[in-house]
Amino acid sequence: MLGRLGWDALPYDPVVIGGALSVVGGLVGIIVLITVLKRWKWLYKEWLTSLDHKKIGVMYIVVALVMLIRGLGDALLMRLQQIIGSNEANAVLTSEHFQQIFTAHGTIMIFFVAMGAMFGIINLILPQMLGARDVAFPFLNSVSFWLFFSGMALVNTSLIIGEFAATGWMAYPPLSGLEYSPGVGVDYWIWSIQIAGIGSLLSGINFIVTILKERAPGMSLMKMPIFAWSVLGAMILVAFSFPILTGTLAMLSLDRLMGMHFFTSDMGGNPMMYINLIWAWGHPEVYILILPAFGIFSEIVATFSGKKLFGYKSMVVAIMAITFLSYVVWLHHFFTMGGGANVNAFFGIMTMVIAIPTGVKVFNWLFTMYRGRVRFTSPMYWFMGFVVTFTIGGMTGVLHAIPAVDFQLHNSLFLVAHFHNMIIGGVLFGYFAGLTYWFPKIFGFKLHEGLGKLAAWTWIIGFVTAFVPLYVLGLMGATRRLDHYDASLGWQGLFIVAGIGAVIIVIAVGIQLLQIGYSIWTRKQRIDHNGDPWDGRTLEWSTTSPSPSYNFAVLPQVKSIDAFWYQKQGNENKNEMETFQPFHLPKNSGIGLFIGILSTIAGFGIIWHIWWLVIIAAVLIIYSIVHRANDRDTEMLVTKKDILSEAMG
Amino acid sequence: MSQANTSIAPHNDKSSLGFWIYLMTDCVLFASLFATFAVLRNATAGGPTGAELFDLNYILIETLILLASSFTVGMALLGFRVGSKRIALSMLVLTGLLGGTFLALEINEFQHLIHEGFTWQTSAFLSSFFTLVGTHGLHIAIGVLWLVYLAAAIYRHGLDSINKKRIVLFALFWHFLDLIWIFIFSIVYLGAKF
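Chains as they are written, first to last, in our numbering: chain Z, 1 to 649; chain E, 1 to 194.
One should not assume that every hint holds.
[Stated by the list, open to error] Distance ranges between label pairs, derived from CB positions:
{"hint": "1", "chain 1": "Z", "residue 1": "T634", "chain 2": "E", "residue 2": "S84", "range": "55 to 65 Å"}
{"hint": "2", "chain 1": "E", "residue 1": "Q111", "chain 2": "Z", "residue 2": "M337", "range": "32 to 42 Å"}
{"hint": "3", "chain 1": "E", "residue 1": "A141", "chain 2": "Z", "residue 2": "T634", "range": "20 to 30 Å"}
{"hint": "4", "chain 1": "Z", "residue 1": "T634", "chain 2": "E", "residue 2": "I61", "range": "37 to 47 Å"}
{"hint": "5", "chain 1": "E", "residue 1": "Q111", "chain 2": "Z", "residue 2": "D486", "range": "57 to 67 Å"}
[What the hints assert, rightly or not] Capping the alpha-carbon separation at 25 Å, the derived lysine to aspartate or glutamate pairs in DMTMM-like fashion look like this:
{"hint": "6", "chain 1": "E", "residue 1": "K14", "chain 2": "Z", "residue 2": "D631"}
{"hint": "7", "chain 1": "E", "residue 1": "K164", "chain 2": "Z", "residue 2": "E635"}
{"hint": "8", "chain 1": "Z", "residue 1": "K213", "chain 2": "E", "residue 2": "E109"}
{"hint": "9", "chain 1": "Z", "residue 1": "K641", "chain 2": "Z", "residue 2": "E578"}
{"hint": "10", "chain 1": "E", "residue 1": "K14", "chain 2": "Z", "residue 2": "E214"}
{"hint": "11", "chain 1": "Z", "residue 1": "K45", "chain 2": "Z", "residue 2": "D642"}
{"hint": "12", "chain 1": "Z", "residue 1": "K41", "chain 2": "Z", "residue 2": "E635"}
{"hint": "13", "chain 1": "E", "residue 1": "K165", "chain 2": "Z", "residue 2": "D631"}
{"hint": "14", "chain 1": "E", "residue 1": "K85", "chain 2": "Z", "residue 2": "D631"}
{"hint": "15", "chain 1": "Z", "residue 1": "K213", "chain 2": "E", "residue 2": "D13"}
{"hint": "16", "chain 1": "Z", "residue 1": "K213", "chain 2": "Z", "residue 2": "E635"}
{"hint": "17", "chain 1": "E", "residue 1": "K165", "chain 2": "Z", "residue 2": "E214"}
{"hint": "18", "chain 1": "Z", "residue 1": "K640", "chain 2": "Z", "residue 2": "E46"}
{"hint": "19", "chain 1": "E", "residue 1": "K14", "chain 2": "Z", "residue 2": "D528"}
{"hint": "20", "chain 1": "Z", "residue 1": "K223", "chain 2": "E", "residue 2": "D13"}
{"hint": "21", "chain 1": "E", "residue 1": "K85", "chain 2": "Z", "residue 2": "D633"}
{"hint": "22", "chain 1": "E", "residue 1": "K165", "chain 2": "Z", "residue 2": "D633"}
{"hint": "23", "chain 1": "Z", "residue 1": "K587", "chain 2": "E", "residue 2": "D160"}
{"hint": "24", "chain 1": "E", "residue 1": "K165", "chain 2": "Z", "residue 2": "E635"}
{"hint": "25", "chain 1": "Z", "residue 1": "K213", "chain 2": "E", "residue 2": "E52"}
{"hint": "26", "chain 1": "E", "residue 1": "K164", "chain 2": "Z", "residue 2": "E214"}
{"hint": "27", "chain 1": "Z", "residue 1": "K453", "chain 2": "Z", "residue 2": "D528"}
{"hint": "28", "chain 1": "E", "residue 1": "K164", "chain 2": "E", "residue 2": "D13"}
{"hint": "29", "chain 1": "Z", "residue 1": "K41", "chain 2": "Z", "residue 2": "E578"}
{"hint": "30", "chain 1": "Z", "residue 1": "K45", "chain 2": "Z", "residue 2": "E635"}
{"hint": "31", "chain 1": "Z", "residue 1": "K45", "chain 2": "Z", "residue 2": "E646"}
{"hint": "32", "chain 1": "E", "residue 1": "K164", "chain 2": "Z", "residue 2": "D631"}
{"hint": "33", "chain 1": "Z", "residue 1": "K587", "chain 2": "E", "residue 2": "D26"}
{"hint": "34", "chain 1": "Z", "residue 1": "K307", "chain 2": "Z", "residue 2": "E449"}
{"hint": "35", "chain 1": "E", "residue 1": "K164", "chain 2": "Z", "residue 2": "D633"}
{"hint": "36", "chain 1": "Z", "residue 1": "K559", "chain 2": "Z", "residue 2": "D532"}
{"hint": "37", "chain 1": "E", "residue 1": "K14", "chain 2": "Z", "residue 2": "D633"}
{"hint": "38", "chain 1": "Z", "residue 1": "K45", "chain 2": "Z", "residue 2": "D633"}
Rather than coming from a laboratory, the hints here were simulated on the basis of the structure. All residues carry an ideal CB built from backbone N, CA and C; glycine is no exception.
With the rest of the complex left out, here is chain Z (with noise of 0.2 Å):
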């Protein structure tokens, strides 16, 4: 009845019943307070039912930012096994734990931090900016979050009921095979990220056609922001490899449950099929992240030049190089792998090839600050922080791409080093740059700028503190993953320094809720009264802050790049109600958060083996789309009267 499901799935080991707990507890924290505060009714109404682009951001962020705390714990207890385990296996948590806590930092980070805060803050601003009024599909955008949301709930059930993979993030077979890994850790890492991975994948169809049908009258592609640009980069990878991904999991799964041999050491099967497969998928999938990020510095550095971005046209060329390029170079992640000389030749060059357009985009935000009125705002720094660190790991990655020193680094801390600087400087100060950035215009008022200051330089401090002595610890002959060292080796003060890092890296965390606590707390002083706060040049800031739900009352015209910049010149008046015709806006659905629901349960059944919960749940979603579907009344017309009635409070 069900499956492989019983008592013994619960805890038992101190460690893991203190995160069962805190998963438990927060939980149960959030349904008293939202209880007490007799909020469900519009927590229902006005957020999980929402089809509103900026209200799926917000829900993105907010799921970003806790599982950024989650993948943090994870990162924490590594450092402290890491400092404790020379010449002692079990220090901190048993081999056993320590390879799931690994393998789940690597998967949390990447799918639901990552991959949730670049959702997030695409959907937050790329219509406005686009001067739409929606994306292309907002029904389809509220089904691709409750799916990543849904597999987020997935790998936290794994702490409370069963295990998680202990293989690493990527779930090399046949170490990932039924022969090797029988409990449900591996089949919990599959259905979770093959669930956010069909949302994310769907939500790239949805940015494409947005960006490319959306875009407001007269705004030709080549008049398009630079961020709708990376964007359009990375949802054209997102298009083409996330499938790889879909097909390379469906194939270890089948594997696991039907005794298929795709990826088994007997029966012919091939497990660096599954490693050419999956890297195929993931290396594209580390320039779908990258990718916004510059966008992001783009539109930052232009902003606070008080000058046009350098080199737009190139800035486009270098994007949809990288573009195509990423797809190229995904075997240099197993060089190792024996292809020959040739093989690894190319894939070598290939990779060194795409340091030159990345080289062409630092160049140009330097020019463009170069002779520019340029002000300190604290994105500024995550800039300045994520130039220094960016060109730091683009460098050590250069160094990976050559072969020969790729079979002495490969597994090394150097490469987790690198990747990390990659990530962490590259990804994650991109993506704080924006949130800050952007954060008027969805809010309604600015976050403090002190406190964003000292977050960035502690994030910066604190990275270089964590990560600097992993290069070293690299070169050394440190590999990842290790649970335990021999004491002789003398690696143990540079793990102590990494662990500071750490702890550094969670101060500059705290600094940052404090940031966020403390600016709604005295959000008074920081009312965002125009709509324009740091005087920007995209069309974003020429509606009200925070945007009203149909974004634009009259779509802008566009005539030029930095379209409202180009309006507050006086070369144009702002839009007139005159011109003002009424427009349809989705109506709000719940069927977005029941298929996540759904799929969440359709998930813990494959998992488990429990079939009949599995039939049923697929029934139901079946029957979610068909209702769906029936529904010939989605829209509401919005007419001048409701947004003068609107306007008036």
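Here the structure of chain Z is known, so what remains is to put chain E in place on it, guided by the hints.
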């Protein structure tokens, strides 16, 4: 009415573009399955090869039935264009029947293999064969379900703009599956013999 129906392809339409992109993503999904099949096609682990298992005549009949269903879907679209609910509905039902027959034949082929003792557990080659062909079959099954829904919606609401948009998307989907099948026929079945 006839004026409104002259152009069936929604120009500059969001859902049409979105659906095209979806089809391309599905294409990538099939591409990864094809690539896996290409790598594993000789990994028979001592089991039978494709040349020993496949009956090309049988597959040819399957292929012709699927191609015929593409033709009937085209006829259904034409029915829409001339505003004839009767032609559109009957052609859709015919498409559904052909799709259903194709599925039945495929399931029969699978059952036959399993009955002979050659399952997806026999070898990596057969794992990838069953998965690739089965994924196409799954798409056809979803297509048939969609068709049933679409026929019911046309029966209820007639040839309105929403149904018109949906039938165009369905036709795209169905032709796409045909195209994938041509690749399966050429690479999996014909490739096994030559």
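Status of the hints after comparison with the structure:
{"no.": "1", "hint": "T634/Z with S84/E: 55 to 65 Å", "verdict": "29 Å, violated"}
{"no.": "2", "hint": "Q111/E with M337/Z: 32 to 42 Å", "verdict": "39 Å, holds"}
{"no.": "3", "hint": "A141/E with T634/Z: 20 to 30 Å", "verdict": "27 Å, holds"}
{"no.": "4", "hint": "T634/Z with I61/E: 37 to 47 Å", "verdict": "43 Å, holds"}
{"no.": "5", "hint": "Q111/E with D486/Z: 57 to 67 Å", "verdict": "58 Å, holds"}
{"no.": "6", "hint": "K14/E with D631/Z", "verdict": "19 Å, holds"}
{"no.": "7", "hint": "K164/E with E635/Z", "verdict": "19 Å, holds"}
{"no.": "8", "hint": "K213/Z with E109/E", "verdict": "45 Å, violated"}
{"no.": "9", "hint": "K641/Z with E578/Z", "verdict": "13 Å, holds"}
{"no.": "10", "hint": "K14/E with E214/Z", "verdict": "9 Å, holds"}
{"no.": "11", "hint": "K45/Z with D642/Z", "verdict": "19 Å, holds"}
{"no.": "12", "hint": "K41/Z with E635/Z", "verdict": "22 Å, holds"}
{"no.": "13", "hint": "K165/E with D631/Z", "verdict": "15 Å, holds"}
{"no.": "14", "hint": "K85/E with D631/Z", "verdict": "22 Å, holds"}
{"no.": "15", "hint": "K213/Z with D13/E", "verdict": "8 Å, holds"}
{"no.": "16", "hint": "K213/Z with E635/Z", "verdict": "19 Å, holds"}
{"no.": "17", "hint": "K165/E with E214/Z", "verdict": "19 Å, holds"}
{"no.": "18", "hint": "K640/Z with E46/Z", "verdict": "23 Å, holds"}
{"no.": "19", "hint": "K14/E with D528/Z", "verdict": "35 Å, violated"}
{"no.": "20", "hint": "K223/Z with D13/E", "verdict": "22 Å, holds"}
{"no.": "21", "hint": "K85/E with D633/Z", "verdict": "23 Å, holds"}
{"no.": "22", "hint": "K165/E with D633/Z", "verdict": "16 Å, holds"}
{"no.": "23", "hint": "K587/Z with D160/E", "verdict": "21 Å, holds"}
{"no.": "24", "hint": "K165/E with E635/Z", "verdict": "17 Å, holds"}
{"no.": "25", "hint": "K213/Z with E52/E", "verdict": "51 Å, violated"}
{"no.": "26", "hint": "K164/E with E214/Z", "verdict": "22 Å, holds"}
{"no.": "27", "hint": "K453/Z with D528/Z", "verdict": "20 Å, holds"}
{"no.": "28", "hint": "K164/E with D13/E", "verdict": "13 Å, holds"}
{"no.": "29", "hint": "K41/Z with E578/Z", "verdict": "37 Å, violated"}
{"no.": "30", "hint": "K45/Z with E635/Z", "verdict": "16 Å, holds"}
{"no.": "31", "hint": "K45/Z with E646/Z", "verdict": "18 Å, holds"}
{"no.": "32", "hint": "K164/E with D631/Z", "verdict": "16 Å, holds"}
{"no.": "33", "hint": "K587/Z with D26/E", "verdict": "30 Å, violated"}
{"no.": "34", "hint": "K307/Z with E449/Z", "verdict": "22 Å, holds"}
{"no.": "35", "hint": "K164/E with D633/Z", "verdict": "17 Å, holds"}
{"no.": "36", "hint": "K559/Z with D532/Z", "verdict": "20 Å, holds"}
{"no.": "37", "hint": "K14/E with D633/Z", "verdict": "18 Å, holds"}
{"no.": "38", "hint": "K45/Z with D633/Z", "verdict": "18 Å, holds"}
Of the numbered hints given earlier, the model fails hints 1, 8, 19, 25, 29, 33; all others are met.
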